[in-house]
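So the chains spell out like this:
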Amino acid sequence: MEWETVIGLEVHAQLQTTSKIFSGAATRYGSEPNTQACAVDLALPGVLPVMNREAARMAVKFGLAIGARINQRSVFARKNYFYPDLPKGYQISQFELPVVGLGQLTIEVNGEEKVIGITRAHLEEDAGKSLHEDFHGMSGIDLNRAGTPLLEIVSEPDMRSPEEAVAYLKKLHELVRYLEICDGNMQEGSFRCDANVSVRPKGQKEFGTRAELKNINSFRFVEKAINYEIERQIDVIEGGGKVVQETRLYDSAKDVTRSMRSKEEANDYRYFPDPDLPPLVLDDAFVEETRATLPELPDAKRERFQKEYELSHYDAGVLTATREMADFFESVVKHAGGGAKVAANWVMGDFSAFLNKDGVEIANAPINAEMLAGLIKRLQDNTISGKIAKEVFEAMWAGEGDADTVIEKRGLKQITDSGAIETVIDQILADNPDQVQQYRDGKEKVFGFFVGQAMKATQGKANPAQLNELLKEKLKG
Amino acid sequence: MIICPTFTEAVRSNAMSISVDEVKKIAHLARLGLDEQEAQGYADSLSQILGLIEQMNAVDTTGVSPMAHPLDMHLRLREDAPTESDQREKFQKVAPSTEAGLYLVPRVIE
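Protein chains in written order, with the numbering used here: chain A, 10 to 486; chain B, 79 to 188.
Chain A on its own, in the form it takes in the complex:
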């Protein structure tokens, strides 16, 4: 039988506020345990939550970016369950009236566009962290993360393959970073994903029973976890069994999903409106002020890059993958006064490769946009060849100064004086009469040998086009 997969994703994005959603404790990652957990976060008696305006603004910003309805009146509710890293015994979340209503995101898979619905996005607080290393048979609790604002973004069950799920997740990741509402760091858990997966016979309208996969903390694991789960569910059904609705944990070491039986019973969260928090009401001015802070969004930027810089769809996609990369590219072009295609190749090529190699961000790279533009200018005015440019680039990266300084200091200026190049060629032809004869006998492959010798003699500084032309001329005899 042919099966169809149905996938919906729930993404938790930690909002980049400096303080918590309902308390004035800091949200910095990696601080000493419990040094950023105040009385409100610890749920000490008598405390009351006070909502962070910035968290509301970020949620609205996201809603506007996905063309969603903004619910200007939304309500916080208590989601009740017991776990040691949740001191209150409930999580403040939104249930019936989330701040962001129905919106959408367009993804691209194998060159085809597809619209994925976003059911809702709601504000809630994060829980603390439980550490199960050996504390004499006890668990250690760090509540620094408790109360960090989260935006939970729930998609419609619109995805039909793991590839679509990954494309959606990447698009969402790109968007929240463009909006500067989430740093997107999956290792540190600021961008987390749960996947609802089910299968059904192709053509069937009703959804199959779904399993919820948790603990998927990388794009690669999303694909692997869903793939495993699809096969598992098909095996169950084809073996005559029934898929059980349950929460399953992805184990990346073994590449399997495992049932979390303990979660079963707890699914009755007994939501009710939080009496400590009256409704969140955002007036038109708040929404419009927020709209004014929206940056150019990835899709629009991609389109503009193709038009304005005459870049391919692919190149524009790579360059606009992050706002930092896009801004850097535009700054290089501006400083170089053109040469967009060359700039694109450098930014996507060597520059990105060196960033990866050294694990640095654009902001901390040893080469800034002005320096890279300086290099491109020297390439375009023929001061240096493409090959030499790589050497200059490496020297700049190593901190030897800007392009002109490196070219000057290392004496890398290209030789464009025909007379000088001719002198070099004459010497080489005189030193290698056998190869000259071979060439003249029709063995044209020997041409490369002469180019190599000439480049060696000039330390690669001979202008390649001129060298080729003059060499051909001289070899004719």
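Bear in mind the hints are in silico, worked out from the structure with no lab data behind them.
All C-beta atoms in this analysis are idealised placements derived from N, C-alpha and C, irrespective of residue type, glycine included.
It is possible that part of the hints are untrue.
[What the hints assert, rightly or not] Computed list of lysine-lysine pairs in DSS-like fashion (alpha-carbon distance at most 27 Å, straight line):
no. : chain 1 : residue 1 : chain 2 : residue 2
1   : A       : K399      : B       : K168
2   : B       : K102      : A       : K138
3   : A       : K179      : A       : K316
4   : A       : K418      : A       : K454
5   : A       : K470      : A       : K418
6   : A       : K97       : B       : K102
7   : A       : K97       : B       : K168
8   : A       : K138      : A       : K233
9   : A       : K88       : B       : K103
10  : A       : K310      : A       : K123
11  : B       : K103      : A       : K452
12  : A       : K233      : A       : K180
13  : A       : K179      : A       : K97
14  : B       : K171      : A       : K138
15  : B       : K103      : A       : K97
[Unchecked claim] With the Cβ distance kept under 10 Å, some of the chain A side facing chain B (calculated, not the full set):
no. : residue
16  : R37
17  : L106
18  : H141
[As the list claims (entries may be wrong)] Chain B is nowhere near these chain A residues, computed Cβ spacing over 10 Å in every case:
no. : residue
19  : T27
20  : P42
21  : C47
22  : V59
23  : R62
24  : E63
25  : D151
26  : G250
27  : P287
28  : A294
29  : Y318
30  : R332
31  : A362
32  : G408
33  : E431
34  : Q462
Using the hints provided, position chain B relative to the given structure of chain A.
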């Protein structure tokens, strides 16, 4: 507005009563220890509340939006700035067990 499946189901189905088993389930979810007698007592009281809700259900509420809070007020918002200082030492003085800055609790692991 209590959104608890057991409870709301009872309301929706216009059941006049809530059973002892349902009370026990809710009590367990809320980690409340009830003996048989108490469970029966709560079943009776909650059933009476259901009766009241049934009376309220008779009122035509078309066009009335559900109330989320008894006070007619909006949430006050504060500026996003850390205002709390580290008081870990103070807080942990009253904790039963701590180590390396962590609160220690009976082991919990999936």
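These are the hints, each one checked on the structure:
1. K399/A - K168/B: violated, 59 Å
2. K102/B - K138/A: Judged against 27 Å, a Cα distance of about 31 Å means the pair is violated.
3. K179/A - K316/A: holds, 24 Å
4. K418/A - K454/A: violated, 36 Å
5. K470/A - K418/A: holds, 14 Å
6. K97/A - K102/B: It holds: about 22 Å lies between the C-alpha atoms, which stays within 27 Å.
7. K97/A - K168/B: Between K97/A and K168/B the Cα gap is close to 19 Å, so the pair holds against 27 Å.
8. K138/A - K233/A: holds, 26 Å
9. K88/A - K103/B: Since the Cα atoms of K88/A and K103/B sit roughly 17 Å apart, the hinted pair holds (cutoff 27 Å).
10. K310/A - K123/A: At roughly 19 Å apart (the allowed maximum being 27 Å), K123/A and K310/A satisfy the hint.
11. K103/B - K452/A: With a Cα-Cα distance of about 91 Å, the restraint between K103/B and K452/A is violated, given a limit of 27 Å.
12. K233/A - K180/A: Status holds; Cα separation ~18 Å.
13. K179/A - K97/A: Not satisfied, since the Cα-Cα distance of roughly 34 Å exceeds 27 Å.
14. K171/B - K138/A: holds, 20 Å
15. K103/B - K97/A: Given pair K103/B, K97/A holds - Cα atoms ~21 Å apart, limit 27 Å.
16. R37: It holds, given that the least Cβ distance between R37/A and chain B is near 9 Å, below 10 Å.
17. L106: Status holds, d = 7 Å.
18. H141: holds, 5 Å
19. T27: Violated, since 6 Å does not exceed 10 Å.
20. P42: For P42/A, whose nearest Cβ neighbour in chain B is about 4 Å away, the distance does not exceed 10 Å, so it is violated.
21. C47: Not fine: 4 Å to the nearest Cβ puts C47/A too close to chain B.
22. V59: violated, 5 Å
23. R62: violated, 4 Å
24. E63: violated, 4 Å
25. D151: violated, 6 Å
26. G250: With a cut-off of 10 Å, G250/A remains clear of chain B, as the shortest Cβ separation is near 24 Å.
27. P287: For P287/A, whose nearest Cβ neighbour in chain B is about 4 Å away, the distance does not exceed 10 Å, so it is violated.
28. A294: holds, 13 Å
29. Y318: For Y318/A, whose nearest Cβ neighbour in chain B is about 37 Å away, the distance exceeds 10 Å, so it holds.
30. R332: holds, 21 Å
31. A362: holds, 38 Å
32. G408: holds, 36 Å
33. E431: holds, 70 Å
34. Q462: holds, 66 Å
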